[in-house]
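There are 2 protein chains.
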Amino acid sequence: MLNIRYFNKSQSDTYQALDTPCLCVDKQTFLKNLMHLRTRTEALGASLRPHFKTVRAAEALKYLLPDSSSPITVSTLKEAEALISEGYTNVIYAVGISAAKLKRIKNLQHKGQTIRVLADTPEQANQVNLFCEEHRCSVPVLLEIDCDGHRGGIRPDDPLLIDIAQLLHTGAADFKGVLTHAGESYHCLNPDALREAAANEVKVALDAAARLRAANIPCEIVSVGSTPTAHHYENLDGITEVRAGVYSFFDLVMKGIGICELNQIAATVATTVIGHNHEKGWLFVDAGWMALSGDRGTAQQPHDCGYGLVADETGQLLEGLQVSSVNQEHGILTMVNDRQLKPDDFPIGSRLHILPNHACATAAMHSKYHVFDTQAETYEVWNRIQGW
Amino acid sequence: MLNIRYFNKSQSDTYQALDTPCLCVDKQTFLKNLMHLRTRTEALGASLRPHFKTVRAAEALKYLLPDSSSPITVSTLKEAEALISEGYTNVIYAVGISAAKLKRIKNLQHKGQTIRVLADTPEQANQVNLFCEEHRCSVPVLLEIDCDGHRGGIRPDDPLLIDIAQLLHTGAADFKGVLTHAGESYHCLNPDALREAAANEVKVALDAAARLRAANIPCEIVSVGSTPTAHHYENLDGITEVRAGVYSFFDLVMKGIGICELNQIAATVATTVIGHNHEKGWLFVDAGWMALSGDRGTAQQPHDCGYGLVADETGQLLEGLQVSSVNQEHGILTMVNDRQLKPDDFPIGSRLHILPNHACATAAMHSKYHVFDTQAETYEVWNRIQGW
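Chains as they are written, first to last, in the numbering used here: chain A, 1274 to 1661; chain B, 1274 to 1661.
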């Protein structure tokens, strides 16, 4: 977490002059988070394919990826277009494809790059085949596999698995393999459950690939991943790549699951105290849902953090203080334990930092990030790629 | 609500070519919403001071305001700066002021405009006075009054009311009057409760103004408002202006309170069906929390709409269908009544429209709005002013 004690004079001046609310990134924490998962994944013999949806800043790419041919995942074509224009070549668009989006995909392939898309219905397979025939092009497709009933995808034992893959393999599209995402792992609350979810995700992907190969359908890519499972794989034999997104910034939901510690949270929202209600023990700050997002991802966890926990400028957690409610540009902070809020400790104008429930959602509210590197003694502004 | 049956050929082509998800605005509905509240408010003898935070698009200003001197409210200095650069002159920044923001306020006053700020503590009054002395300028200040315990402000019978106003009145700042906001009116669920909240908001503002005047402190502005109360005032004698924001677009929360009907909702998110789970009765669309926001404002209302209700392209509500869960770029639609979801009715590629729980939050997720006027037969793109 950000700690202004390690700032040099120039960083300190920049930091003090920031208008709040704003998103601050502690670059050293961010880099450590990236390094940890890359090392772990590669030691197990798989590639890491980071999900760009969390950070979505071109300035972060050189840290997320070793080189321009490294694999990356996106959740929007806007991200894919930005990556291609930055020279990156190996992209998966990991949201089920609809025919209307194929024209933009084709425009990107034209530039000699690879955008792989996702399908889990015969309709989509037919639509991609038809598009490829009509436009005399080839679009690489992955089949989405459902490993835990969380969202989309086909169960590996569903007869449609072979049918859809066969449609793509024999049609004008280019069938590339399978992809699954253990979305339910976000509800695991202990290491055993996480290891089980991770092993299951791997097993389901391998089962699907084996069934396809037994039907003489090549399956080049076997892709798994979610931040919780990515930190709990024990064996990745047969898996070609691991996807994860929020591991770069981490957040309170990940802390609640036990994937990270508070000091691994790299992105926080800087805010200013703008009022007190002494009677009610309320502290008002200028960060509402517009700066924090309305995400309540910790509400279902044993430790409900409201709309976020609170730290001071030195990265010290202010125990018991949390964002209890938010309006558009107001946050109300209260003490949730026995201690009383001492308004004198937080005079109007004080700066605090809010630790986000869900870093993807909080970062999405900011068009730029203020990135401080306390080791290289640098300050950078990263610009978020927005929209679809 | 948008109804593509009324589109001309050019509008229809434009609409069909839109990439989803995207925010669509039915301009005639928007204009009717604006007209209704302006007429109602002016008939009661007060000015309407729309809150810009909902729409935040410069292209909308000529509809929101009769002329460049008309009053307007903002929730960020970014909006105030945009308004000033567009030539608008009468702005209230309705979030408690902190000293660090005064420099930007002063830069705007330099341009000959009026940005009024809000305070509810002696500390803020002293800070504004000090700033004005040091910078030989004058900043107009309103005192925030607490009418219902919702958020900030001073109770009208609090001795601090006079103390703070006196500090501002006798100091270098320019004391202008009082402002209150009946935030608790969002929890009213019947017309009687709403009329009561509206009458209370007015009474509290008038009481505060009367106490100040009795202490020989002039009180030029007496400002009240929230969308629910703004539609329920019966007498505005002594009130100079009414503020409201979400009335321009309306949404499901306002429908739940009884302030609008579904067909008065002007802004919806266009989305595309990207998958089915026949077994579970799930329909996947390409609008997740990134396009809808994660707002769950109807959760506390008698009719919980999940993350939004669903209409077809002709503005017809699809009864019983709602967005039950969202991920970043995925929404899952389910039937919440006895009827079964018939996936054949919604083939992959179908376009639907999601009615937002909270229009301010949903609009905030979009950098541009697609605005269709079925009467003037026009299509416009409005660009949202983003950030702080």
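Any given hint could turn out to be false.
Note: identical chains are not told apart, hence a pair may lie in one copy or across any two.
[Unchecked claim] Straight-line Cα separation of at most 25 Å, SDA-like style, residue types lysine to any residue; simulated pairs:
1) Lys1641 to Asn1380
2) Lys1376 to Asp1421
3) Lys1351 to Arg1657
4) Lys1351 to Ser1623
Hints listed in this document are in silico derivations from the structure and should not be mistaken for laboratory results. Note that this is a predicted model, so its numbers are computed, not measured.
Now for the hints, and whether the structure bears them out:
| no. | hint | result |
| --- | --- | --- |
| 1 | Lys1641 to Asn1380 | between (28 Å within a copy, 23 Å between copies) |
| 2 | Lys1376 to Asp1421 | neither (32 Å within a copy, 54 Å between copies) |
| 3 | Lys1351 to Arg1657 | both (11 Å within a copy, 18 Å between copies) |
| 4 | Lys1351 to Ser1623 | between (38 Å within a copy, 21 Å between copies) |
Violated hints amount to a single one, hint 2; each of the other numbered hints is respected by the structure.
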